[in-house]
Amino acid sequence: MRWAALGAAAALALLASVTLGPAGIPLGELTQSDIVWNLRAPRAILAFLVGGSLGVAGAGLQALVRNPLADPFLLGLSGGAGLGAVVALATHLSGPWALPLAAFAGALGALALVYRMGLVAGAALDPRILLLGGVAVGAFAAAITTAIVSLADAAELRNAFLWLWGGLSAASWDTVLVLALYAPLPLVVLFAAARPLDLLALGEEPARYLGADVERVKRRVYIAASLLTAAAVAVSGVIGFVGLVVPHIARLTWGHRHRALLPAAFIGGGALLVLADTLARTVVAPRELPVGVVTALVGVPVFALLLRRWTIA
Amino acid sequence: MRRLLLVALLCVACRPATDRAAAPAGPITVADAAGRAVALAAPARRVVSLLPSFTELLFAMGAGDRVVGRTAWCDYPPAALAVPSVGDGMPPNVEAVAARRPDLVLLYHSGANVTAAEQLAGLGIPAVLLRLDRLEDLGPAARVIGRLTGRVAQAESLAAAMDTLAATKPPTPSPQSLVFIVWDNPPIVIGHGSYLDRLAALAGARNVFADVAAPSAQVSLETIAARDPDWVAVLSDSAAPPAFAARREWRAVRAVREGRFLNLPGSLFGRPGPRSGAAVRQLRARLEAAP
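Residue numbers (my numbering), protein chains in the order written: chain C, 1 to 313; chain E, 1 to 291.
So that you can see chain E by itself, here it is in the shape it has in the complex:
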């Protein structure tokens, strides 16, 4: 609630700036995550977003009508589904992206995407690579996207809310523990420093693999059983227990035996974005509601 109020206040405070930002005097230049300098003559009008988080950010800052291309994974907000898909984006289909005649392409900063961005730049299409691995990356990404689309004020209010969330101290001590199972055979779990690890901490849960210094890691089933988490969290859109719950070896994990699963919808929990705060609140509510 306090966060909403803060957003509202910021929106009011920034209102006059919007008008100035909407008509910038000169070209917009940004340095992207790969250190490439990208210049736009004017705010982008035709944007291809190659990451669901970027699509959510664009819609959240009121630039949804400028999105002319998205990935197959971009399923939120529902209005985004009306935008033509350019494929799964892994790696981007440069030709399909170019066919949308964009004046800006937003890409997640990864090795394969640097190549795609260079290819797009070669076609004269400005392409910006942005980092989005952690909660802290959200605010900066929102500000850059805001400048590129001429939505500086709206982006700033979004970014400020995200910075607040990222700066929030997790409640201590965390009474409940959980493990995020990404894959069951071999068991792959979420480790320290990843986005989901932060979400859990903010929601008041302790990730039992917070000592693993990697976003995700293969571990032994035995380790999961020995660390004895209260909950097994999986990204799943259905409410049914995951298939591995029926496998005998998984019965060695107490939370699996007791059916203590947290099925987290992938669209809300699987990506950092404007709804990260909502994800934290939903997870906290589910933990508090449980016995």
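Excised from the complex, chain C in its bound form:
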């Protein structure tokens, strides 16, 4: 029942996303419209993939660090991606993929640095250090970014921040294809870790006694979640809130078992971002709102409501 409801919500969101838009295309012409095929459809699918990836990454990381505040962008990746984008602009890297690739490389750099900091004594991954290291690396990368932007005399560098918070306007079948080929591997790694993640909730010691290879699971979950987030930021910038809130909402309905929670977070995150992007494109047309603004405007009231129910129950 709840799966059917979630599936229906996702389908409705996708349908709304391709039928609604500032261009006002009549229903009868939808299937022939170039705007629908080449702009709305890839954008809807990209939004779904990005939202789903962020939802799963958030759920995995919250289980890994055993902290409900964990958000995929808390781990320094947005700072690294921003630095990559600014360096690409400052060095005049050209080509349509220069910016996303540079941002991806920056995010991977941040990932590697945080991972190395989190490896205590070269072996065990300490979740607390991952969080603190992520915040520190993110702040450091942001400082370098701001230094480059303020020292360089190129006006376009200031626009790197626009790019970083850009949202889904770069969606095309190319970006959809790249993400659709890339995302399954880290997703499968996370889904495969569902059972050990359940055990990890009991604490590392009990999980170990129950047969989980704790260190391997922690490393895999961290790297897979970060790789998902890095790709998301490379194709759509920093979209806050989805990775933080969708796992919590999913947990309220599907409980703490990751075998159900992770797929629910994927579909729920995808549906939320598709819906948010549709609103971003339409409510103030012909202007457009940054999609992160809408995810927060839609998500926070829902979250607050559920949080109240949660604390009362």
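Source of the hints: derived by calculation from the structure; they are not laboratory data. Errors might be hidden in some of the hints.
Derived, one-sided and incomplete: chain E residues facing chain C with beta-carbon distance under 8 Å [said to hold, decoys possible]:
hint : residue
1    : S220
2    : L221
3    : A225
4    : A226
Being a predicted model, the structure only gives us computed values, none of them experimental. Glycine is no exception: its CB is placed at the ideal position from the N, C-alpha and C atoms.
With chain C fixed as given, assemble chain E onto it according to the hints.
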């Protein structure tokens, strides 16, 4: 041509006034855009200009030799490049400005610059904030700068030409349409009431986002495609198509598919100034020359 003639006539007509204006009897007082009253004992001899438009105006009214500081963006006229730069001016580096020992600082009227002007005033350096967002602001700004530098007559002839340009009715109907792309991801375009919107109208082009009541706004790519402009205009010093032209999603815009780009040099088109009329003529010529 008619405008040039008008300028020439005004210059001749005002010539006797120059001598009187060059040696004012009392102190010069102006009320700036922030409502601050600024008084100079005598016309300024050491001016720091913190906006490329002001620098162009100063040189155009023959006060270029009084400019002792400029921003990193002030690249016209070429003689301005010989003046020491005090940084990018965003926000102004008050210490670097003060180090030029100016007796007048000209600032664009913005929140951050009001603070800088107050700090300069605290150091005993007269600072004047001027509005310069629209074509209509040019004439008044030129007149104020003229009074402050004792170039009243030259400033008046400049200002009169600019007022004429600002009062010109755009040719109707505009046969060609364009969109100004300020940034591609997310797409940010120029809307109504902005300087570039006016330039386009005066050059005989219709800005397809003239209904957006903001100088610039984020819009959907879909809206750009649906409004189907004849031209995509970008501020760019190179003749090459902008990088986003190679991105697949932009192919949904007909003008991008057909490579109909107007690359407008930022120094000429990016700022209101004495060359605004030249910018209009150049844009009109490019639109007329195109098929």
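Hint check:
no. : hint : in the structure
1   : S220 : holds (5 Å)
2   : L221 : holds (6 Å)
3   : A225 : holds (5 Å)
4   : A226 : holds (4 Å)
Checked against the numbered hints listed earlier, the structure breaks none of them; every hint is satisfied.
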